[in-house]
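Enquirer: Chain residues, written in single-letter form:
There are 4 protein chains.
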Amino acid sequence: MGIKTKDEYIESLRSLNPVAYMFGERLTNVIDNPRLRAGIEATGATYEMAQLDPDLVVTHSPLINEPVSRFTLPPASVEDLVARVKVNRKVANYVGTCHQRCTGLDCLSTLAIVTYDIDQKYKTEYYPRFIEFLKYMQKNDLTGNAGVTDVKGDRSLAPHEQVDKDMFLRVVEQKADGIIVRGAKAHQTGSLSAHQIIVLPTRAMGKDDKDYAVSFAIPADTKGLIHVVGRSTLDMRELDGCDIGNTYYSKYCPTLIFDDVFVPWERVFMCGETEFASEMVIKFSSFHRQSHGGCKSGKIDCMIGCALTMMDYNGTAKVGHLKEKVTDMIHRAETLYGCCLASSYEGKKQPSGAYFIDTVLANASKIHEGKEMAEATRTMIDACGGFVADLPSDRDFSNPEIGGLLKKYLKGVDSVPVENRIKMYRLAEKLALESADTISDIHGGGSPAAHRVTILRETDTAQKKKAAKRLAGIKD
Amino acid sequence: MGIKTKDEYIESLRSLNPVAYMFGERLTNVIDNPRLRAGIEATGATYEMAQLDPDLVVTHSPLINEPVSRFTLPPASVEDLVARVKVNRKVANYVGTCHQRCTGLDCLSTLAIVTYDIDQKYKTEYYPRFIEFLKYMQKNDLTGNAGVTDVKGDRSLAPHEQVDKDMFLRVVEQKADGIIVRGAKAHQTGSLSAHQIIVLPTRAMGKDDKDYAVSFAIPADTKGLIHVVGRSTLDMRELDGCDIGNTYYSKYCPTLIFDDVFVPWERVFMCGETEFASEMVIKFSSFHRQSHGGCKSGKIDCMIGCALTMMDYNGTAKVGHLKEKVTDMIHRAETLYGCCLASSYEGKKQPSGAYFIDTVLANASKIHEGKEMAEATRTMIDACGGFVADLPSDRDFSNPEIGGLLKKYLKGVDSVPVENRIKMYRLAEKLALESADTISDIHGGGSPAAHRVTILRETDTAQKKKAAKRLAGIKD
Amino acid sequence: MGIKTKDEYIESLRSLNPVAYMFGERLTNVIDNPRLRAGIEATGATYEMAQLDPDLVVTHSPLINEPVSRFTLPPASVEDLVARVKVNRKVANYVGTCHQRCTGLDCLSTLAIVTYDIDQKYKTEYYPRFIEFLKYMQKNDLTGNAGVTDVKGDRSLAPHEQVDKDMFLRVVEQKADGIIVRGAKAHQTGSLSAHQIIVLPTRAMGKDDKDYAVSFAIPADTKGLIHVVGRSTLDMRELDGCDIGNTYYSKYCPTLIFDDVFVPWERVFMCGETEFASEMVIKFSSFHRQSHGGCKSGKIDCMIGCALTMMDYNGTAKVGHLKEKVTDMIHRAETLYGCCLASSYEGKKQPSGAYFIDTVLANASKIHEGKEMAEATRTMIDACGGFVADLPSDRDFSNPEIGGLLKKYLKGVDSVPVENRIKMYRLAEKLALESADTISDIHGGGSPAAHRVTILRETDTAQKKKAAKRLAGIKD
Amino acid sequence: MGIKTKDEYIESLRSLNPVAYMFGERLTNVIDNPRLRAGIEATGATYEMAQLDPDLVVTHSPLINEPVSRFTLPPASVEDLVARVKVNRKVANYVGTCHQRCTGLDCLSTLAIVTYDIDQKYKTEYYPRFIEFLKYMQKNDLTGNAGVTDVKGDRSLAPHEQVDKDMFLRVVEQKADGIIVRGAKAHQTGSLSAHQIIVLPTRAMGKDDKDYAVSFAIPADTKGLIHVVGRSTLDMRELDGCDIGNTYYSKYCPTLIFDDVFVPWERVFMCGETEFASEMVIKFSSFHRQSHGGCKSGKIDCMIGCALTMMDYNGTAKVGHLKEKVTDMIHRAETLYGCCLASSYEGKKQPSGAYFIDTVLANASKIHEGKEMAEATRTMIDACGGFVADLPSDRDFSNPEIGGLLKKYLKGVDSVPVENRIKMYRLAEKLALESADTISDIHGGGSPAAHRVTILRETDTAQKKKAAKRLAGIKD
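Protein chains in written order, with this note's numbering: chain E, 13 to 488; chain V, 13 to 488; chain D, 13 to 488; chain P, 13 to 488.
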């Protein structure tokens with residue numbers, strides 16, 4: 013059936029053999045590399061949660077007539093839209109970071125709407141192709157990874173205007189059995205934790221950008237695909253196996269190079285229909301911004317827990333201004349969550365039968381994220397204290413000459429073992445300062461400016477002007 | 013049937029004869045006083061909307077088995093909770109100010125839950141009494157006004173500790189047929205636009221505050237009840253009939269003195285059950301904070317319309333930073349709205365069968381209101397220009413000696429009649445600076461500090477600590 | 013000598029006979045009109061302060077070799093620049109509103125620099141003319157009023173592009189003995205409290221805007237000059253003589269129409285030198301933005317005093333979150349003040365010998381004002397309580413039927429007379445909601461966008477890029 | 013003479029032999045350890061700047077009658093106070109991080125005031141001792157490191173109430189020739205870059221905390237002193253010699269353990285005068301908060317340079333919202349700088365003859381820092397783009413198999429070498445995410461709550477209340 017356990021998920025990744033580099037070295041074993049494994053574990057938690065809380069995560073797919081994970085289910089009702097938010101908050105709270113499986117679902121949710129719309133206009137067959145792909149994903153409970161963000165080159169130029177035409181991923185050849193694509197996608201969170209890479213265009217395309225209006229899916233180890241894992245602030249910690257703040261989970265973000273990759277036609281979901289690039293990216297980014305709202309409120313929940321525990325450990329649990337700061341954190345989490353929930357509840361059925369959220373409310377949530385996650389982080393650091401910056405290493409604590417002294421001096425309230433306080437400081441450092449995680453607060457789902465443009469464009473400003481004119485007594 | 017037209021509503025008020033003072037004078041005709049009438053018209057718009065948009069406002073009451081206005085309907089489903097927000101946003105957008113009918117509904121919604129709970133514990137008969145009162149309200153489509161905020165005296169003291177025991181409204185005598193109450197309620201928005209005054213306690217009560225734990229309803233013209241209409245910034249404008257920014261609507265806020273008022277037992281809904289005062293005020297304030305979220309997002313809609321129209325009139329419609337500011341305003345409106353909608357959708361059935369919202373999300377919305385309405389206002393003023401402050405009077409514009417010159421110089425873009433620009437500036441002034449309206453952004457539904465205390469108290473912080481400890485690898 | 017008493021100042025205004033309108037009526041006695049008088053009293057406080065604190069306000073003028081008020085002294089040293097800020101803070105704290113004399117001084121300070129620069133380039137005689145005018149101002153301790161903000165018409169068009177060419181004040185005729193000017197200046201705070209109107213251009217001018225590049229000074233009662241006093245929120249209070257929050261002072265803002273006004277050449281300080289319009293407006297607006305920083309920090313001081321006193325009266329002096337809010341208010345006041353002081357201390361000598369402030373720091377202060385005054389106001393209202401919105405009238409309090417009841421119920425802590433609490437609420441209303449005063453926080457000295465453009469333009473961004481490149485190891 | 017070159021400074025450190033640990037290992041060569049060396053270089057830049065800009069950094073010391081670096085000069089005039097801010101901004105702009113030499117100067121500046129005050133009261137000899145120490149520092153151009161922040165244990169308890177009495181550093185024995193001290197100081201930025209450790213108490217002390225009221229100076233390699241270098245986010249980068257964002261400089265923060273350390277009496281500057289602990293910590297923290305204002309505005313300058321350069325490289329230099337964000341960054345830098353400058357210019361002479369800044373203005377600046385550095389950082393990341401999070405390693409770029417592809421795809425605008433873009437992204441990462449550096453924005457100089465308490469306490473609130481009462485017409 014369509015539900016894998018976490019162990020099955022991890023084993024299933026072993027059958028893939030992706031080309032991956034990190035720190036200049038070709039990786040031979042992705043799964044057991046401690047840095048990548050911590051990310052894979054985070055995605056694994058989405059499988060684990062299907063066992064721990066099946067009511068929340070497991071549902072029925074009419075398509076394959078089997079139980080499936082919500083992580084492979086394009087929403088087909090308001091209830092499904094709502095579940096997206098609740099599942100993301102719960103999993104994020106469980107892993108304390110990005111679980112890295114939302115982007116694939118956001119692609120599936122987008123394609124379930126847009127491929128149908130393209131077919132309606134062009135009599136193409138993208139929708140049935142997509143449905144076959146979806147069945148495959150559901151039957152095998154696979155993880156998809158969204159390939160959206162092109163590297164973009166000179167941002168003042170359109171794709172076809174670039175000096176190097178490959179700065180946006182494009183079709184370089186169309187063949188009888190498929191297409192050859194070339195380009196690179198940046199910030200591919202969890203691309204090595206995924207079975208399938210699902211590519212969408214990164215922006216609206218003009219009529220001269222026909223080759224760039226392309227969408228498809230391929231296995232993560234397809235020939236010509238190269239994953240280059242970028243550096244992040246704390247990347248050596250998992251590799252060293254020391255001073256890891258989050259005991260179980262982490263995040264990593266490769267740059268993904270498509271070095272003349274072949275895609276068979278049955279996995280191509282758009283190819284040249286430039287005017288639908290815009291719809292695709294708007295739908296995807298709206299879904300993804302909404303995913304963030306659930307996810308990041310769950311991460312703030314962890315930060316709240318960290319701050320409150322640290323206050324217990326420091327003897328500051330009753331300090332007024334710290335309680336105010338925790339209240340601010342709660343307020344931020346609930347704001348992200350509330351706007352996202354509302355965007356689900358206000359969702360509408362699309363022509364294909366799939367459901368789409370309220371765009372304005374989803375973007376309203378994301379605008380808050382872009383600013384408020386940084387504030388929540390700052391507040392957590394404020395509540396925890398300065399050792400978030402410069403706690404001695406676990407190796408210092410276990411050094412026989414100085415370990416005793418360090419433990420003596422790191423003690424907080426008498427009733428709490430010093431080891432717990434040390435661990436909680438380390439978690440605070442991870443929550444606050446893991447770049448792979450925190451920078452997605454700002455740039456994930458597009459830049460803050462993009463969210464703002466969206467809400468202005470999607471708002472009925474004419475109605476508002478009309479209401480004001482009536483009140484002012486203006487007839488026109 | 014249970015639906016009045018606006019005209020019927022206004023006529024129905026004529027049958028009341030309340031004791032009312034304004035500027036030191038006893039008012040003999042409340043309805044036709046231009047200042048009060050503008051407020052009554054705003055409440056009238058809730059009746060008008062039942063005709064204009066019956067799908068939104070009119071629903072069926074199982075209680076009287078008739079169509080009723082949602083303004084007399086305690087929510088009995090999630091759909092009803094959601095409608096609260098949407099109705100409030102729509103009416104507020106229509107009137108550009110407070111419609112003044114939500115507080116009564118918030119009382120009905122509260123009593124529909126709490127009177128039942130009291131009866132369960134004490135075998136009292138408050139719930140059936142309340143249901144009779146509710147039928148009366150629904151059958152006659154009446155407007156209620158919430159009497160909640162006591163004048164409070166020395167705020168460092170509990171009710172029974174005050175030097176003057178009347179600083180919180182209290183029962184001074186219990187008689188066979190009813191009770192005598194004494195005290196004063198402040199900021200009674202629209203008390204002269206209402207048929208009934210519905211009183212709830214303003215805070216939790218201790219066991220020594222038994223006389224203060226009282227709830228009841230009485231007609232707005234009951235003997236001993238004195239409405240003293242307070243001053244507001246623009247109160248003379250309607251009285252003068254000149255330089256009125258909002259052509260139709262306004263708001264006013266009396267202080268309401270209960271000078272030994274008799275209440276018959278059939279209208280008493282709590283009397284001495286001190287431990288339920290807290291539940292009553294929490295339920296009421298949560299409902300009322302949610303009402304604000306719908307209402308104030310609708311008011312921001314007007315402010316957005318005003319800013320955008322003014323930009324059209326000034327020739328600044330394409331100025332980048334002004335578009336950014338309008339985007340900020342939209343973001344604020346949607347944040348209030350999104351959190352409130354979510355608080356409705358996440359509502360839960362209570363023992364009585366009535367529904368209650370999610371408190372944390374409703375308060376999250378109100379915290380934003382307390383800060384963001386001021387920002388939206390500031391932004392509107394910024395977008396409109398300095399004449400929000402000091403526009404010459406309409407009487408100057410019609411003065412034969414200087415009117416022509418003024419009209420010449422007040423002209424904006426050539427295609428817009430100068431009169432329209434003048435009117436829109438006047439509306440901006442009203443939206444920004446009518447104290448009766450704007451200060452409720454801060455103090456309506458309790459002070460900002462109260463909202464913060466609520467979300468901290470209602471949040472499951474233990475779960476968050478537990479999640480953080482697990483991630484940090486702490487067992488305890 | 014050059015120092016008038018307050019009484020002498022007020023008497024000196026009686027000798028003027030300006031054409032002034034208010035509410036459609038021609039005013040026959042400006043000085044004793046209660047609304048205008050409250051504004052005149054605020055300017056009078058600048059004369060009073062010269063007696064109360066001569067060390068601060070009185071200095072020596074080498075020009076006339078007499079003691080003069082700093083309000084007629086273009087800064088000739090860093091000490092003078094610093095005194096500007098301190099005098100403004102002190103007077104603002106004393107009057108609780110705008111004293112309305114800074115704009116004239118800001119004009120004098122600007123002309124003391126720019127007329128010299130023009131003469132250097134064009135061999136004109138503006139500087140000696142200005143010096144004669146300055147001597148006249150100093151010898152008689154006169155108040156000037158800046159006429160800067162044109163009404164602007166369609167803001168997307170330059171002055172010469174307007175359909176009506178008079179939307180920016182311009183020279184319509186040059187004659188042997190002087191010039192004829194036409195146009196209107198908006199938001200002329202205190203124009204009827206001033207002896208002289210000093211006109212500067214409102215923006216940079218292009219070569220086609222030659223007629224608009226004009227600066228001059230004329231008596232406030234010059235033929236053709238029409239003062240139309242605009243409405244403000246609380247304007248009827250002084251006229252009624254009731255419910256006035258600030259016992260002594262207020263502010264008013266006329267629109268000033270120049271209906272073909274003759275200006276003799278000896279009072280013309282620029283006429284057609286378009287490229288200096290920009291310097292003039294930049295210098296003036298920088299000086300004026302700095303004036304705001306001193307003034308508005310002094311006003312926040314009053315708001316802090318009001319909030320703290322109200323907390324004493326309400327029994328909330330020890331409430332933690334209110335103390336935090338007062339701390340926020342202090343922080344805002346000191347930020348405005350600190351940046352302005354620094355802009356003075358970092359001032360530099362100009363070619364004429366006069367001193368000019370650091371523009372970036374002055375604008376940094378003003379950007380804060382634009383946002384933080386609204387926050388300070390919101391915070392004060394929060395700390396005071398809801399009666400800022402809707403306090404009954406003094407006429408209600410003195411009404412024999414209800415006055416006693418109202419006084420009973422408005423009582424706060426037992427030791428404070430209820431009258432004091434009522435008065436302090438009334439002051440809070442005035443401080444928060446007098447539009448003539450509060451909207452200058454946003455638009456005074458140009459809009460917030462203008463301040464931002466200024467600091468970006470005046471900052472040495474090349475140096476900052478160079479420093480970053482060096483650190484990154486980039487050679488170019 | 014009293015001015016060392018950078019090379020002499022570094023050589024002078026070689027003569028010290030401190031006990032230092034990092035990652036569980038005893039360090040044998042501190043100076044050439046790449047991680048620590050990057051910090052030492054930052055302090056070295058203060059010596060280099062004395063050569064590069066002697067007018068700014070070098071001054072005359074009357075004490076030794078020689079030229080000295082301002083980094084060893086307690087301010088003796090307003091000019092000296094101002095120079096503190098300007099020197100810090102310039103050096104911070106030069107090193108792009110903390111130069112780590114301000115804390116020692118802040119101690120010298122504090123002791124130059126407080127030791128004199130103690131002597132006045134107690135006829136002790138701390139001041140002459142301190143002067144001898146100061147001569148030694150000046151003659152040898154030494155760097156001091158402030159040991160202030162105790163580890164604090166249970167923060168709800170005073171020093172003497174702690175279960176372990178050593179949680180605040182204390183005197184455990186007084187001997188004929190000196191004292192023995194025990195305890196630990198946290199967050200000792202640059203302790204291994206300093207010649208001398210200067211200890212002050214971390215808080216006000218009560219009469220039972222006599223042993224904790226102690227101040228002294230000792231060489232950084234004194235017996236019993238153990239430096240344990242804490243972890244920071246990017247600490248492995250310098251150790252690996254790869255992916256270092258700031259080519260030259262960094263920061264590190266040890267925990268410093270005083271394991272029964274002997275201090276000779278001639279270096280003891282307070283011992284048991286509990287009531288002066290408060291003055292010492294207030295003076296120090298005010299000086300240090302002011303140091304931050306100069307320093308952090310200089311760091312923002314680097315961030316502005318980084319953002320602007322990145323915009324050039326990305327082709328986004330003309331994007332309106334990015335220019336707005338850079339304007340925000342400038343505004344933040346100038347706010348910190350302006351308030352700090354003002355705090356210097358308003359400084360006052362103290363009884364000893366040394367000068368002290370205006371505390372309120374210095375704390376006003378620091379409150380902004382605590383919030384605005386995080387905003388500046390967020391804004392820089394926003395302007396730069398997502399590769400701040402996950403740029404591939406330099407080792408990937410130089411890998412023969414994928415290096416070419418990576419360079420192809422990381423290219424921005426055509427005219428900029430890809431290597432420059434890569435380097436600038438790496439610098440952005442370092443500026444944004446080096447925990448040793450960024451967390452001092454929040455906790456350096458005490459927590460944000462401490463700054464707030466200070467400005468409330470130091471403000472003349474009585475004057476403000478008096479002014480408000482006068483305006484309200486209240487006599488009392």
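One or more hints might be untrue.
The list treats identical chains as one, so a pair stands whether inside a single copy or across any two.
Within a straight-line C-alpha distance of at most 20 Å, the following computed SDA-like cross-link-like pairs (lysine to any residue) qualify [said to hold, decoys possible]:
id	residue 1	residue 2
1	K235	P412
2	K361	E91
3	K383	H72
4	K187	C254
5	K177	T286
6	K487	R26
7	K360	E91
8	K187	S290
9	K18	D44
10	K360	E173
11	K151	V331
12	K487	N432
13	K98	E470
14	K147	T71
15	K360	A95
16	K383	D340
17	K219	E291
18	K360	L64
19	K18	Q63
20	K98	K360
21	K98	I192
22	K177	S89
Think of the hints as simulated: they come from the structure by calculation, not from any bench.
Enquirer: For each hint, tell me whether it holds in the structure or not.
Expert: How the hints compare with the structure:
1. In this homomeric assembly, K235 and P412 come within 20 Å of each other (Cα to Cα) only across copies, at 19 Å, whereas the closest approach inside a single copy is 51 Å.
2. In this assembly of identical chains, the alpha carbons of K361 and E91 lie at most 20 Å apart whether taken from the same copy (12 Å) or from different copies (18 Å).
3. Taking identical chains as interchangeable, the C-alpha atoms of K383 and H72 are never at most 20 Å apart, the minima being 37 Å within one chain and 44 Å between chains.
4. Taking identical chains as interchangeable, the C-alpha atoms of K187 and C254 are never at most 20 Å apart, the minima being 50 Å within one chain and 43 Å between chains.
5. Taking the shortest Cα distances, K177 and T286 sit within 20 Å of each other inside one copy (17 Å), while across copies they are farther apart (48 Å).
6. In this assembly of identical chains, K487 and R26 lie within 20 Å of each other by CA distance neither inside one copy nor across copies; the values are 70 Å within and 32 Å between.
7. Taking the shortest Cα distances, K360 and E91 sit within 20 Å of each other both inside one copy (11 Å) and across copies (16 Å).
8. For the identical chains of this complex, K187 and S290 are neighbours neither inside a copy (26 Å) nor across copies (63 Å), given an alpha-carbon limit of 20 Å.
9. Within a single copy, K18 and D44 get their C-alpha atoms as close as 15 Å, which meets the 20 Å cut-off; across copies the closest is 47 Å, which misses it.
10. Proximity of K360 and E173 under a CA criterion of 20 Å is satisfied in neither setting, with 37 Å inside one chain copy and 49 Å between copies.
11. Taking identical chains as interchangeable, the C-alpha atoms of K151 and V331 are never at most 20 Å apart, the minima being 53 Å within one chain and 46 Å between chains.
12. Proximity of K487 to N432 under the C-alpha cut-off of 20 Å is restricted to the inter-copy arrangement: shortest distance 8 Å between copies versus 69 Å within a copy.
13. With identical chains, the CA atoms of K98 and E470 are at most 20 Å apart between copies only, with a shortest distance of 18 Å across copies and 25 Å within one.
14. For a Cα distance limit of 20 Å, the shortest separation of K147 from T71 inside one copy, 15 Å, qualifies, whereas the shortest one across copies, 43 Å, does not.
15. For a Cα distance limit of 20 Å, the shortest separation of K360 from A95 qualifies both inside one copy, at 15 Å, and across copies, at 17 Å.
16. With identical chains, the CA atoms of K383 and D340 are at most 20 Å apart both within one copy (13 Å) and between copies (13 Å).
17. With identical chains, the CA atoms of K219 and E291 are at most 20 Å apart within one copy only, with a shortest distance of 15 Å there and 48 Å across copies.
18. Proximity of K360 and L64 under a CA criterion of 20 Å is satisfied in neither setting, with 30 Å inside one chain copy and 25 Å between copies.
19. Taking CA atoms no more than 20 Å apart as the test, K18 paired with Q63 passes inside one copy only; the shortest distance there is 9 Å, against 57 Å between copies.
20. Both within a single protomer and between protomers do K98 and K360 lie at most 20 Å apart by alpha-carbon distance, with minima of 18 Å and 17 Å respectively.
21. Within a single copy, K98 and I192 get their C-alpha atoms no closer than 39 Å, and across copies no closer than 51 Å, so neither meets the 20 Å cut-off.
22. In this assembly of identical chains, K177 and S89 lie within 20 Å of each other by CA distance neither inside one copy nor across copies; the values are 41 Å within and 57 Å between.
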